[in-house]
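K.L.:
Each chain is listed here by its residues.
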Amino acid sequence: MAIVNETHTEHRNMQEHHGTARYWIVYGALLAFTLLTVITGRMHLPTFGLLLALVIATVKGTLVLLFFMHLIDHKGANRLVMGVSLLFVILMIAAPMADFATRFRGSNPPGSHVSDLKDLNFPEAQGDAIHGGSHDLKNPSTHP
Amino acid sequence: MTPSSSPTAEGVLPGHDDAGGHAEHHHHPNYLVDGTTVKSWLLTIDHKRIGLMFLASVLFFFLVGGVFALALRVELLTPGPTVMDAMTYNRAFTLHGLIMIFLFMIPAIPAAFGNFMVPLMLGAKDVAFPRLNLASFYIYVTGAVLMVWGMLNGGLDTGWTFYAPYSIHTTTTVAPVLFGAFVIGFSSIATGLNFIVTVHTMRAPGITWFKLPLFVWAIYATSCIQVLATPVIGLLTLLVVGENLFDFGLFDPARGGDPVLFQHLFWFYSHPAVYIMVLPAFGVMSEVVAAYSRKNIFGYRAVAYSSLGIAFVGFFAWGHHMFVSGQSTFDAGIFGVLTMLVGVFTAIKVFNWVGTVYKGAVDFRTPFAYFCGFLFFTVFGGMTGIAVGTVSLDVPWHDTYFVVAHFHFIMVGATIMAFLAAIHYWFPKMFGRMYHEGWGLVSAALIILGFNATFIPQFLLGNYGMPRRYYEYPERFQALNVASTAGATLLAFGFVIIAIYLTYALFYGRASGKNPWRSTGYEWVSESPPPTHNFVGPQPTFPEEPHYYLAPKKDEVKDV
Amino acid sequence: MSSAPAAHGAAPGPKFAEHFASLEVQNHAARLGMWLFLSTEILLFAGLFVCYACYRFLYPEAFAQASRHLDLTLGTVNTLVLITSSLTAALAVHYAKEAKNNLVAVMVGLTLLMAVGFLVIKGFEYSHKFHEGTLPGKHYHFAGLQLPGAPMYFTIYFLTTGLHALHVTIGMGVLGWMGLRALTQKSFGPNNYTGMELASMYWHLVDLVWIFLFPMLYLV
Amino acid sequence: MSDIANKILFLPERASTFADRVDVLHYFVVGTTMVMSAGVGLAALFFFFRYRRRVPNQTTEYVTPDLKTEFLFVSVPLVFFLAWFAIGFRDFTWVTTPPKDAMDVYVMGKQWMWKFAYPEGPNGVNVLHVPANRPVRLLITSRDVLHSFFVPAFRIKMDALPGRYTQVWFEATKPGTYQVLCTEYCGLSHSKMLAEVVVLAPEDFEEWLKEQQRGRLQGRQDALADTSLVPPVARMAEQGEKLAGSQGCLKCHTVDGSPHVGPTFLGLYDREEKLADGQTVRVDEAYITQSMMDPGAHLVVGYQNVMPTYQGKLQGPETAAIVEYLKTLRTANVREASPEGPAYDPIQ
Ligand code: HEA
Ligand code: HEA
Ligand code: CUA
Ligand SMILES: [Cu+2]
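Note that the protein sequences, when read in sequence, are chains R, W, X and B. For the first sequence, UniProt numbering gives the first residue as 1, with consecutive numbering after it. For the second sequence, UniProt numbering gives the first residue as 1, with consecutive numbering after it. For the third sequence, UniProt numbering gives the first residue as 1, with consecutive numbering after it. For the fourth sequence, UniProt numbering gives the first residue as 1, with consecutive numbering after it.
Treat the hints loosely; a few may be bogus.
[What the hints assert, rightly or not] For lysine-lysine, the following DSSO-like pairs were computed, each having C-alpha atoms within a straight-line distance of at most 27 Å:
no.	chain 1	residue 1	chain 2	residue 2
1	R	75	W	211
2	B	242	X	138
3	B	313	B	251
4	B	210	B	100
[As the list claims (entries may be wrong)] Not the full set, but computed from the structure, chain W residues with beta-carbon under 8 Å of chain X:
no.	residue
5	32
6	193
7	201
8	228
Hints are computed from structural coordinates only; laboratory data are not their basis. Yeah, the Cβ is synthetic: ideal placement off N, Cα and C, and Gly gets one too.
Could you put the whole structure together from the sequences, leaning on the hints where they help?
P.N.:
Next comes the structure, spelled out in structure tokens:
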């Protein structure tokens, strides 16, 4: 039995023999990036700290995907699978976040920075973070 | 080249008059009689037998779900209590929704007909991972048992959407039912994964991507959704069970959680899931319309691409279930536009089906009768989908019977019509026997009529303002409710007739011959019923695209 | 069928299922199937990532403070342990291809050792939280941090790391099985290493998830 | 003209400015839906007859659409759909963005009733009074699970989220009484969670408001007087109150006098209770305890046997604490026992 469109690239790529050097180099890079992310993480960079950490994580992840998991040697279909799932994850995160960021402030969880309501579970922690109480509901706008 | 040059086109007619009677004509017994022990069925890895076992299970659950639907309709005959109390009613519609969706509709076409037909249509001996295929069936059974057991012992009263925080606080049985749904998810994933790999790696020489039968395209697109969406509902069911047992507070507003976030996650699966339910139906109908009008598909590529388009864009329309949930206006806008785009892909398909009949040679058989119903229901159901997708219009319509009518129009109107068409179209292929055409047409008419009578009043009820999931209702809604119940009775009648004549045909129907419809669909190239390994002799090749009726056919099978 | 693969290897050959066109196609099918499976795993975790992203967006302050209550040193050590185990898993595939079955077993053994180490360290971290009372949702009773959103952080912390630990455990099972095969059957070779390859892919995914969880939980 | 259309489509009376906008688009969309489904259906039917099969093995031309046809297939629906979206989204933004001068009313859903509170003072249960021809903004919340506030005649609907506020606004156009329905499934009596909006002419509304304020002041003084008489609550009762919340009693029983799934706890102790079997009992410690351990033994008339047994779930002292708590509810010591509900302050 045969199959159409048979190509041999994946087979050839996988069959091709490399030494172990490739793995060690990737390993080294992963260690270095881990170090980097811990150091920058300890600095608690104000706004883009988490972003930077995620960028580093993405680089590390890509290395693992491409070399440890051999995606670089595999066929297009396999790459497509990975690409599509990552795209979906990103969009799936983006839409609910956009929702929280743009909804009527009163509909957000009380005590969060996009809400003006008090969280009754933590009455003593209100402090200065919360301003105005429910009066801000008076502001009849949909957006914060 | 014409299809007639394919080596098996002039095959041997099975021509037997009882199951497997003359199977010994050729040394390859058909799959139905190749091993008759119970074990040979239960432990089979033959995709055809697994497909049949799925078919039997989904039919059983359709019956159960349908009986509960009738119970709901009976309860709604009068404004007050009729035959059950409120708690029972709430459990009944939850059970109806959950069974119809998870145990019937999602596996109905892909796991039953997809399993049977896809390998045949690819000229393959089996799916890529036959054992996984069998495992998928048993996982389904396990999940089904858990779910049904839970619903009988306590019963869940949350509706099939099990929205937080109600589902977190309800005193009814959440854990087994939702855990059952979680388990069934694995079955769905396994089947989808299997089909994707099968389509990638098992196509016979000659079947390039754009010579795939459209049913295969539809199943392929469906499988992509199954693989990508199902894990999310799996996680969500677990989280709700966890919340119910341990109070994590992830979706509980009393602990800072957000119930709207729950809805985002729920619909991230459940909106694409509606395309899991309808895309295979579209696939079936593409086959049926071509076969009975003896025409190539008008705009093959457009239909194929639109399946992928629906699968892709369909993922990002989920927020249209949440227009009045407290979701932001901005998100409502984004989801509103994307919802409209999905509609366009379906419109492309509809127009191309009509185009296929154009200049065709129509043979008005039972499956074709269902095609007619399907066409009307898809346009009406789909367009009412667009109507509720129109943001401001959804404000009055949301959670009223208008929505109930919309989704029954598509799920019953489109998908069940396709499911019935598939049963009738492929019955000879699967069992080598014919059913009574007259009864087929009569019951089709009855079902189409009964269907309209059931659900058109529900559109009006929705306009009138009757909310869904109502055990009792204000007096003024009664007339329309009675009409709907009457329609449902007619509908049920139709199903009973089908059940009777198909059961009869299964045992006493006359032999159908190899290809009673003279279809050029790839699956008809092998015997009917096919032998265990699908082909006798060398692997078939497919020189022409499926449903190619252009050249005069000198050596086609004469008659049945 | 008739066109049984020429690639059909030497004596302890791979299992060839006859419904495939060739061994090559069979291997591709196995890999594609694995990638699809991994993508379902990614979307499974994605559900929790969505929760994380949203609540972290809502309660940035609480998340930052709560994350200080994790032990960064233990977290970093665990990250290094997992990355190293990923290396040994990759090397196991490499040696499988070279038919060095004993080395495969050694590499798998090392991987498992690190996996156990990872879980033990995780266990220490968990028990510390149980003592402190930084537990999910209703069970949260840590007086030192009373901010809206803090219990949510720990809910997500326990759910994500718990799900991850479950995957570590499953991965250990799969790797262990392959290690046993290398030891007892000694059958891995240039034509027969797909089993090891898939097991290691699974392990790398577990690593991959942690690569993201680490900054998300420890470094906010 | 549009009245006839409304009859055919079973649309309810149109009594708000939003309803006018919605209905216009409604006709457009539903009209197109009917035309298109009939069109597609008829075209297909026509083809079925026109192109009947004449010989069994008939062959057919190989017809494929040209680019222009395909373009038409895509663009015609797209134009319609996008137009609907544009109009619909404009209206939706309109209805979710209340005008600045709108009058505020707080709406709280709870299983299974609606409560209304006006900034000016009066509260109401299940009846909302509003003036005609004046924008009213509803700030909607819930005390327990999701509900949804739906007034068919106004064509508005908005979910009530526990502990959060959502908003929607309307301007009623004519005085009258309009039904409110709950459209988000909320449990056992979801379908009974009905209320009314009474739209009054502006003058009548002012009048009503004044009357309410007088009455409310009176009520407040009574309440104050009552509370001052209440003896300090014993620790046991306090614990019982907590248990009643955490064990879920308050999901079915209220403490404010309104019936729920079960009878209210308010004034329960020492009451003569009519049972379903026709007998009456005096509610005492033993009866309350039995109700918790074996709820089916005595059914109160008018209620269903849905209360779960707490046998094995409550320990002796806990049961006693709950009994003590119920005993404190003998007086008019009404407070919103809302252990997990939202902050719901009637606005001064
Ligand atoms: C198989 C199932 C299925 C399918 C295929 C669809 C298809 C669609 N659905 Fe439906 N839907 C459900 C099942 C399904 N739905 C269910 C179960 C619910 C309720 C869930 C619950 O709450 O319990 C629901 C609810 C639902 C809602 C939420 C309503 C509410 O709760 O308020 C919305 C809102 O946008 C919606 C929209 C759509 C749209 C736009 C499509 C589109 O895909 C339709 C596309 C089709 C067409 C558009 C027809 C063809 C078009 C033409 C021929 C065009 C010609 C026109 C012109 C030229 C103008 N659906
Ligand atoms: C695939 C999905 C599916 C299908 C097929 C149906 C089919 C039907 N449904 Fe339902 N329905 C849902 C999915 C489905 N439904 C969902 C998801 C909900 C929402 C639940 C919720 O709110 O949570 C719902 C809710 C729902 C309601 C609203 C309840 C409420 O909100 O209060 C109603 C009311 O009329 C209803 C009625 C019906 C009717 C009359 C049918 C009829 O079409 C049924 C006809 C079928 C039969 C009568 C069975 C006959 C079968 C045989 C005789 C056997 C044949 C055997 C062989 C061939 C061997 N359904
Ligand atoms: Cu309140 Cu439904
Ligand atoms: Cu949808």
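K.L.:
Which of the numbered hints are not met once you compare them with the structure shown?
P.N.:
The structure breaks only hint 5.
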